[in-house]
Amino acid sequence: MGREYLDYLHDLFAAFAPVSTRAMFGGHGVYRDGVIVGIVIDEAIYLKVDDATRAEFEAAGSEPFVYEAKGKRVPMSYWSVPEDALDSPQEFRPWAQRAWEAALRKPKPKPKKARAKKVEMGSE
5 MGREYLDYLH DLFAAFAPVS TRAMFGGHGV YRDGVIVGIV IDEAIYLKVD DATRAEFEAA
65 GSEPFVYEAK GKRVPMSYWS VPEDALDSPQ EFRPWAQRAW EAALRKPKPK PKKARAKKVE
125 MGSE
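Per the numbering used here, residue 5 is the first one in the sequence shown, and the count goes up by one each step.
All clues given are correct.
Pair by pair, the computed Cβ-Cβ distance ranges are:
1) Gln94 with Ala48: 16 to 24 angstroms
2) Lys76 with Asp15: 34 to 42 angstroms
3) Gly75 with Val39: 31 to 39 angstroms
4) Ala18 with Glu72: 29 to 37 angstroms
No lab work stands behind these hints: they were computed from the structure. For glycine and all other residues, C-beta sits at the position ideal for the given N, C-alpha and C.
Generate coordinates for the entire structure from the input sequences, incorporating the hints supplied.
Quick look at the structure:
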């Protein structure tokens, strides 16, 4: 991701919150307070959605990010940003807020159960 696009991205998120970006899977993750709220692939922004926000993104004409694996199309829980929201930080803010809320609702993985300790029995 070029410096110019990175600056644009930070400007776009400015009305929402400070964000950081990290390279991942051929693109970049966008994080607020260490929580991923979006991804950037080929200079296209996709925001986190869940069951509570998906309909709003669909109604605005957004589409899911889809990749291909083993000959199958796999949709992710990140959707494109509506075109008009890319024009200004104020238009973008409510969409970023929805992504933040969806990211916070994401269930935390359950901790793995500890394995039973193996006890060696002495010979008698």
